[in-house]
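Chemist: Chain residues, written in single-letter form:
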Amino acid sequence: MRERFLTGYNDFVLPFVFGMLFVLTYCLIGMIRLIMQLPAKDRKRFFLSLITPKILFKDIKDIFLKCLIHVDLWKRNKLLGYMHSSIAFGWFMIILVGHIEVFLYTSNLGIKALYYPIFFRYFVAETESTMKGSLIFFLMDFFLLVILSGIALAIIKRVRSRFFGMRRTTNPSFLDLVGLYSLWAIFPLRLLAESFTADISGGSFLTKSLNYVFTEFLSNHANMLPAWWAYSCALGIFFCVLPFTRYMHIPTEILLIPLRNAGIRIVNARKGLAKAQVYSCPSCGLCIDACPMGVMKSNIKDTTVYLNRQIRRNNEARIEEISDKCLLCAKCTAICPVGVEGDKLRIAQRSMRRYNFGPDYSNIDTSVLSEQCNKFVTNQNKNVSLTDSKRVLYFSGCMTALTPAIRKATESLLGKAGIEYEIMDRDGGICCGRPMFMAGRFDQAEQMVRKNTEIILGSGADTLLLSCPICYKIFREQYELPGITIIHHTELFGDLVSSGRLKVRKDDTKYVFHDPCELGRGCGIYEQPRQALSAAGDLVEAAKNRKESICCGGSLGSLTLSFEKRKAMTENALTNLTAASPDTIVTACPLCLNTFGRYADRPVEDIAQVLDRKTN
Amino acid sequence: MDFGFKISPSSAINLDNVDTVKFEQLHDMEPDVYKCMACGSCTSTCPANRFSGMSMRKVILALQRGKEKDVVSMMRNCMLCGKCTMVCPRGINTRHLILSICRIYREDGK
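Chains A and B are the protein sequences, given in the same order.
Going by my numbering, the first residue of the first sequence is number -12, and it counts up by one from there.
Going by my numbering, the first residue of the second sequence is number 5, and it counts up by one from there.
Keeping only pairs whose Cα atoms sit at most 30 Å apart, straight-line, the calculated DSSO-like set for lysine-lysine is:
1) Lys39/B - Lys26/B
2) Lys65/A - Lys53/A
3) Lys62/B - Lys312/A
4) Lys312/A - Lys534/A
5) Lys258/A - Lys53/A
6) Lys39/B - Lys554/A
7) Lys26/B - Lys552/A
8) Lys554/A - Lys62/B
9) Lys438/A - Lys62/B
Part of the chain A face toward chain B, derived, beta carbon under 10 Å:
10) Arg341
11) Tyr342
12) Tyr348
13) Gly384
14) Arg421
15) Pro422
16) Met423
17) Ser549
Footprint (simulated), chain B over chain A, 3 or more residues, beta carbon under 8 Å:
18) 426 to 436
19) 538 to 548
Calculated from the structure, these hints are not laboratory results.
A virtual CB, placed ideally from N, CA and C, is assigned to each residue, including glycine.
Could you put together the complete structure from these sequences and hints?
Modeler: What follows is the structure, encoded as structure tokens:
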């Protein structure tokens, strides 16, 4: 390639250069600030993760697969995946090949390195060295075509999102629209600009062919300059608005992935990891369709994508409203392609609230509660030889107190399986702390955790059995109980049924299993309850199940949703469950049982009740 | 307009010296607080009742009578477990009501 101009410069590069320098400076400063906001311990952990080869390799792999290829979207919907990866991966390849081409064909770049890789074709004329554009020029044209196909799909998606498996999409803000239109304009303008110069600087199947068309009626080469100006302006505008639009997710996600892989958690509601998550939100709107509150149109603006937008705008009133309304079912977290944790983000917002006074449990005497469940301790003292069998401590939890049938059935099953057990809260005990934790009052929750830990450790049991997934989640995550196995009753029954210790009679009743939010998405228990149920009857699946199961609407997560407003959500969840017309709806959460029981048109039972009825 | 007669201002004397400003504030935030019919379902399910005598029914009554200190001591052991909300026949969101009380009232009763 040979340079066409002595200076190697034209004024049209200015908008692009300005935009690029602006966005790079902004991202660099933003990144440093964000890392400085992390607590010292987390920051150290983050830096250590960057020099650990295993984590570093995972970072690179994740960045490639998630940011460029968008694997999660591919799994969700092929067309949606293609649209995103064609633009992201295509653009990345154009930038990469563009740089390779510049460094191959020119020398002594200097300051020109800033804009040459982008506007290379304007400044050079083709010589023999390019092999008539057979390889590199072909690649450039090919990836440009890939991007253009992606842009075409993006335009179709704006009009009809249903083609992409999305019922609703996000309502873009004004600046989002500016960014969107400038992004759409960049690549057609690039094609136009390169086509004008293709007979001088060379091109491939796309640009060369267009050039033949243009020379028919636009033979004057002076026409090329406006096209290059327009291309540069579109880039400049896109880069200048980028930090204030949803496109900020492009640079932020590259930071979020290493932060997540380093194992950092949200500490501050607005700083550090929370900030990285908020800015990583691409406003794709997948969470809108996923949200169980979406059955009522008035709740659509309270989904995670809008929470992220309001946090970016510091709109405190709306942040409070959105974070208090949420059911914390964590479905948005489960389906989010970039890994924004909608539930944890909201709990963090709630923890910012200031109260004039708060509960304090120091007056509760745990020794009184311990005395009610110290069977194992007294037995141990009398009896020296320890049996091999499990010593189970059953904590039924507050919610089970409202649905005593579950406790009765669980006790009966434990008896049938010959397991020695003791009930921790026969006459009511201390709450597990999860509801308080969900309300964002961590200190109070921590106090309850400590009190319960004292009781459990003093009981001499080696297994803690829970029948409420809400308790189960906090016991697994926040309690430190060395030497004690924490299990949910579905896990225990699954094991007992498959090992044959519980003989279940099978008949042809059709059961559907509802995955409770805290048990499925919260703790990853999907298989054991299904195993146990299929031993008792014919197991059918709900339309949306497992990771995508729909919250019953009764969740304690929501602080503000009133009783009447939850009804529509429960009915929607029931419609989803009864898609395969089961005879009985089975769940494994006392709260779901209570909520469904209110509106269901067929029997709703806990898994313990079903199994208890069918065993001898 | 002159009808030849006037409605005279009420001559009732309010001898109640309870300061209801805070309760009005609470009522603005939680209009449902007037829905309570004092059935006591919340109290009978409350796990904190055995520890601090917590009773949502009493809390609502005591607030209207200005007995704020009693309320604070009752609510000392509330665990926010939400059973009271689930059993309330009037559909009052008692959990949010409790959080609002914690926001408005103070421990020292001021």
